[in-house]
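Two chains, two frames, some hints: make the complex.
Line by line, the protein sequences give chains P and R.
With the first letter of the first sequence counted as 1, position 312 gets the number 312 in this note's numbering; the numbers rise by one all the way through.
Take the position in the second sequence, starting the count at 1, then add 354; the result is the number in this note's numbering.
One or more of the hints may lead you astray.
Here are the simulated distance ranges between beta carbons [said to hold, decoys possible]: (1) 291(P) - 515(R): 49 to 55 Å; (2) 436(R) - 81(P): 40 to 46 Å; (3) 276(P) - 516(R): 46 to 52 Å.
Hints are computed from structural coordinates only; laboratory data are not their basis.
Cβ atoms here follow ideal geometry from the backbone N, Cα and C, with glycine treated the same way.
Each chain is listed here by its residues.
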Amino acid sequence: MNSPMEDRLRQALAEAGKTIDPGTLQPLRASERRRLRVDFRMVAAAAAVVVVGSGAAVMVSGGAGDDDRMVAAATAITREKADLVVALCTATAPKDTRCEGAVDPEQREGVERVLAELEPQIAISQWASAESTYDDFRTRFADNQAILEAVKATDMPQSFLLKLREGADRRQVMASFVGVPGVMSVIDRASNPYAAGHPPEEEKTDVSVFLCKTGTQLPGCGAKRVDNKDGDPKIPAHGKGITGAQTRALEKLIGKMPEVEKYVFEDQASAYQKFVESFKDNKALVNATSPEDMPESFRIMLKDGSLWREVVEELQRQPGVAQVMANGCMVNAAVLTTEFAVEIPKSEACPTNR
Amino acid sequence: MEVELLTQQEVLARQRIDVASIFAEHHVGLVRLALIMVGDQATAEDVVQDAFARTHAGRGRLRDADKALTYVRSAVLNGCRSVLRRRATVFRRAVPYEPPVWSAESAALLGEERREVLLALRGLPRRQREALTLRYYFDLADQEIAETMRISASTARSTIARGLATLARVLGENS
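Bound conformation, chain R alone (with noise of 0.2 Å):
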């Protein structure tokens, strides 16, 4: 029988959480993500490139090695955010960017049924709009989504609910 003998540190080392094999794995889960959040692919890789630099950066905090990538996806969502916080203080005055998931172009790509629903996505409030993205996008449980987002199980689930809601009205009045 082999026995292990494990400095202090070793057992530290062995429990810091590789970030950089959790985005390797889930690179194009989460570039997919935030396209669905911020509408272009280019933005959406720079979102993803941002969260992984700085979630690399204080890796060394990470422990939990169950957490890690729920971690990095609220990272993801919170790159995405900033974006648009930004648009929209940019774009205040000028003509609303319509990156192209959103735009018109994406209608031979995606069919215009799609875009409808994407379009009343869109229209939600961030939190049902990412609380509905992180559910029937990454078929998350709603303690992982909460946790993601950092809120609690149960509004996660009245906020699913509610955009439900809403998404069905807004589409059940345009067809």
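Okay, chain P solo, but in the shape it has when bound (with noise of 0.2 Å):
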């Protein structure tokens, strides 16, 4: 029973869909799940911008073809000079990866398949293997005990270190890895701000105490949360701001404190704007985040040789304090995850006697 109406219909809307050709499509994005679990916020906030996992996904490639070739000398690369790292599984790799125990030959080369695809793309190629890894790392931690003894040798990744050509679609070659047997994850050590530099020397702070903020979600405020398997936790209470007496007395005890050489604190206008300028290429983020989203924070300069430990310990049980980051101890956390593909949990990264 097809009235003219209906085919005159049908077929506008038709036409008008057709106007758009799925070769121009952008392909969809979907961010990675973040791995470190921190307010992303605070620790946006925080004067070392910590985000693991920047690399997002991306799903859908887009057949962005490099029709003029240039032959680049191989030569090796560190894995600091690496555009993208491919980390392979390993035994120990963690639940939210798609790795079912250690990569096996086969996968190897699966992986190195999808490589030699990728060659108008990649500049260079390179192997790492888990031994090798594992001695960068030490180096690279020599001074830092607590995380030597978090990360054993059989954590380390096997890798494949990468140097995009000019001109390549970097998105595309990360999403060429989704989904391939064996591949643990994909790193995008350009996209990272840690790598990129921020936040600038002058405005590193040691200690970053965090103040509670009515309708908190944080369980140090007294707020409730229960994570359940989706990994969407519920919140059954929410928790209580910092009353001004708690703020002031906070300050006096900061003030007084013998590790401390300065501090200052910071409202939430001005954490807005550090978190604009760190966040400046992620718009959507940017856009659904406002100056009262912002934690305010006392951010303290330790004197040299210091330890951080007992100050944060000591923060950490006032009333009214939301989180207390040794900011340190969250860079290395997230050094080791965009640098060497493994992941710690905070407790190991940053340990207290709690």
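Structure representation (structure tokens):
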């Protein structure tokens, strides 16, 4: 029972639809799940910006062809110089990866085949064994006993270090490894704000003390949080904001601490400014965040040689304090993830006696 | 004979719907749906990307594989509604925005007759416009349209009938 009106409508819609050429569509992007269990806005606000898994997972490749191939001399690259790191599965890979045990030779060949297909886009691809990666790691963290103890040689993945050609489609290269068996993660070193040298040296602080905001979801402020299996936590009770009296008492305490060199109070407006600066490449995140979302904090510089551990523990106990972060160890944990593809819980990167 | 033993978590993981692959498979179709609703490709792509990001974030909540595509289409439709609402507010006091598909520029692309139909479609109330698009572009059944738009099947049917009648009247008067 097709009336002429129905036919006209059907044809008009079909033609309107056809004005979209599937080849011109931008690929869809999904952000990878955050790995460290930390309120990301707080971390962003912290002087040391730590975004883990910032290389967005990409799907649906856009078929970009690199027509004018250039012949690049294949020279060796170091971990620091690589654009992308393709880490292969280890036996101890975290559960949220697609790994099923350590990578086997067959899977490794599969990854090499993908690399061969991407040859027009990749200038250098270099194999790094687990042993050499572990050596790199020992050198890098030589003075950090906590991290050296937390990571074992068997946690280190084998990896391919990739240097891309000029004009290569990063996202397409990354997308090509999604779902390839034996691949634990693909790390985009350039899109990680830490690698880009944030924040400027003079703004670095040693310890950040974040204050409770009304309606917060952080357990430090009395909020209850139930993590269920979907990774979608329920919040049966929200936390209380810090009171004026508590803020003053806290400031007095910080001022009296012998380890403290100097401290500043950071309000929501300036925290937001820093946040926008750190995430200027991520419009969606910036648009979704308003100054009212930012926590207030005290930024503390410690005297040279003093230990952050006691300071962190003492401040963490104060009422109205949401989170205390020792920025040094957070950065270490992030470096560990972005450079070596190894994840360790915050409690191991920044161990306190509690 | 092989017997598979699955832990409860594995069973859950298997039931978990891969939103990403649904989007990958229907990407073009979803963008076209959004295009018909919002009128230009860039906005249409944004709407689909947003819907994808949102459903991807909530993928743990999606349990019923049969409903996944319906859910995704609803998300795209919702996104289109937001765009149209925002445009209506922003342009209330200014010159109305004419996206390419509806505007004269597309005359060359589409042909006068098609454009007329699309213009008439655009003049319909939101619900009729959506129902007609789902029916005559995607060829969905009443029940599917109803689920996508979160209305009942009989409402979907009557909405389509009313929409068609209005279109016929408007276009009949013009010609």
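Range hint 40 to 46 Å: satisfied by the CB atoms of residue 436(R) and residue 81(P)? holds (44 Å)
Determine whether the Cβ-Cβ distance between residue 291(P) and residue 515(R) falls within the hinted range of 49 to 55 Å. holds (50 Å)
Distance restraint evaluation - residue 276(P), residue 516(R), Cβ atoms, bounds 46 to 52 Å: Holds, since residue 276(P) and residue 516(R) (Cβ atoms, about 48 Å apart) stay within the stated range.
Consistency note: the structure conflicts with none of the earlier hints.
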